[in-house]
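Undergrad: Throw the hints in and build the complete structure from the sequences for me.
Those sequence lines, one after another, are chains A and B.
In terms of the numbering used here, the first sequence opens at residue 313 and continues consecutively.
In terms of the numbering used here, the second sequence opens at residue 18 and continues consecutively.
A few of these clues could be false.
[To be verified] A short, non-exhaustive set of chain B residues, derived as facing chain A with CB atoms under 10 Å: (1) G65; (2) Y87; (3) I104; (4) D111; (5) F224.
I should point out that these hints are in silico values taken from the structure, not numbers from a laboratory.
Quantities reported herein were computed from a predicted structural model and do not represent experimental measurements.
In this text, a Cβ means the ideal position worked out from N, Cα and C, and glycines have one as well.
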Amino acid sequence: MDSGRDGKYRPRLASVSDGDRQREGARPHADEAVAADLRSRPGRNWAAIKQSEPAALAAGINTTYYKLWALALSAFVTGVAGALLASADRELFSIDFPIQNSIELLAVVLMGGAFALTGAVIAAFLQSFLPALLQIWGVPNDWLIILFGVGVMQVLATAPGGIADQFPKDMKRLYRLIRRLVSRPAPASSSGTAPAKGGEAA
Amino acid sequence: MIEVKDLTVKYGGVTSLDGMSITFEAGTCGLIGPNGAGKTTFFNVLSGFVRPASGSVRGFGDDLLKLSHYRRARWGVRRTFQTEQAIEGLTVYDNVAMQHSPLRGAARRADVLGAIEFAGGGLSPDARVGSLGAGQRRLVEVARTLAGKPRLILLDEPAAGLPEEETAHLTSVIKSIPERTGALVILVDHDMSLVSAVCETTAVLDFGKLIASGPTAAVLRDENVMRAYIGTAEVAT
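TA: Printed below as a string of C-alpha cells:
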C-alpha cells in the first residue's frame, strides 16, 4: 500500500506526489492535463466505460458526460498539436494534409497501441523513424504502405492492444519458455532407465 | 423496503415479467427460479437497464422508475452481474472507488478500504484486478457494492462457478452485509445451500410469474416451487 507523509493511503493511479509536482513545475501543459485526468477519477471512469459500460452505469458513472469529456480533451490536445505545428512551420496549407496521412496515422496508432500511453510513443517511432530507416536501407516507400497494412490486419486479428500491450506479454511468454527449457531435467541415459512396469528381471 | 406492483416487462412478443407484485422488507431476500424465469430482468428493471411495459417500483418511498440508471446508483442501488464485471486494467482500490459515493476525501478513502477489508479473501488494494482469480474478482465486485451509502444491493449469481471454499467465504460476507450497511440485499442464485444460508425470505419466479414468496425454508418446501424449479414429478392438484 502507498502511504503519504500523513500516513494515509494514496492509491497509485489517483495520486501525483509532491516531488513529482515540484520536478515538473506548475506550468499548465496539455500532456499534464491529460496525465492528471488519466490518474484521477476521470481516468478510472474511462477505464470502466472502456471495459464495461453496464458496470460503469451501475456504479453511478454518467457515461455520456465522460464520453463528451474524452472527446473534448482529445480535441484540445489535437488543437494544441496543430498550434505547435503551425508555429513550427510558419504556414499551413490543407494540401499538406492528404487523406493518406490520416490513414497512416490511424494505422500506426493501432499498431502502437491505442489503449496505452506507451503506444503513442511506439506509434510516433513507427511514423517518423521507420520511413527514414527504410530510406537509408534503400527500400522503396511502397513497402511501408504494405507493411502498415499487414501490421493493422495483424493487430486487428490477434493483438487489439497493439505492440504496447502485446510485446510485454510475448516477452513474458518467451521468458517462461526459456526458464522451462533451462530447468527441464536432462534425459536419463539408456543404462540408467527404470524397469518398465512388471518388467522386473526374473 | 422495495415495493413492486404489477411489474410487466416485454421483449417483443416474449413476456419476461408478468404482473409481478412483491414487497421486499429489510435483510437479505432470495430470488430464485429456473433459467429464463425473469430474475435478471427484474434486476435490470431495478437498476434501470430495462424499462418495464407497466407497473411501479418504489424504494423506501421513492419512485425508482423515474430515475436514470446512473442516478439510481447515486440513490443507493448497487448491483453485481451474472458475468463478473470487475475492471481488469484497474487496481482493486480503483475498482471499488469507481462506485459513486457521497463521501469525499479521507472519509471516502477509509470507506473504500473498509469495503475491501470487509470483502476479505486476501484482497490487496494495490493488486491489479487482471491478475486476480475468479473468486477474488467476485469479491471485488461485492466490495464495490458496499462503497458509498448503499440502500439496495442486488447480487446476481455471485457464487456461480466458485469452488466450495470460496463460496463458504462469500456466504459469510453476504450474510454480514445488511448488518454492516443497513442495506436491503436481494440475492439471485441457483445454489440452494447459499440461498438457505443467507436469505430470511425467498421469492420464486417461473416464466415471469411470482409463484411463491415467504420464509426461505417454507418456500423451498412448497410443492409448486419443487415442481417448477427443482423438477419433481407433477404434483396432483
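Undergrad: Hint by hint, say whether it matches the structure.
TA: Hints and how they fare:
Annotation: B/G65 was flagged as interfacial toward chain A, and the flag holds, the nearest CB pair being 8 Å apart, inside 10 Å. About 5 Å separates the beta-carbon of B/Y87 from the nearest beta-carbon of chain A, less than 10 Å, and the hint is met. Hint status for B/I104: holds, given a least beta-carbon distance of 5 Å to chain A, under 10 Å. Satisfaction of the interface hint for B/D111 is found here, the shortest Cβ-Cβ separation to chain A being roughly 5 Å, below the 10 Å cut-off.
Hint status for B/F224: violated, given a least beta-carbon distance of 25 Å to chain A, over 10 Å.
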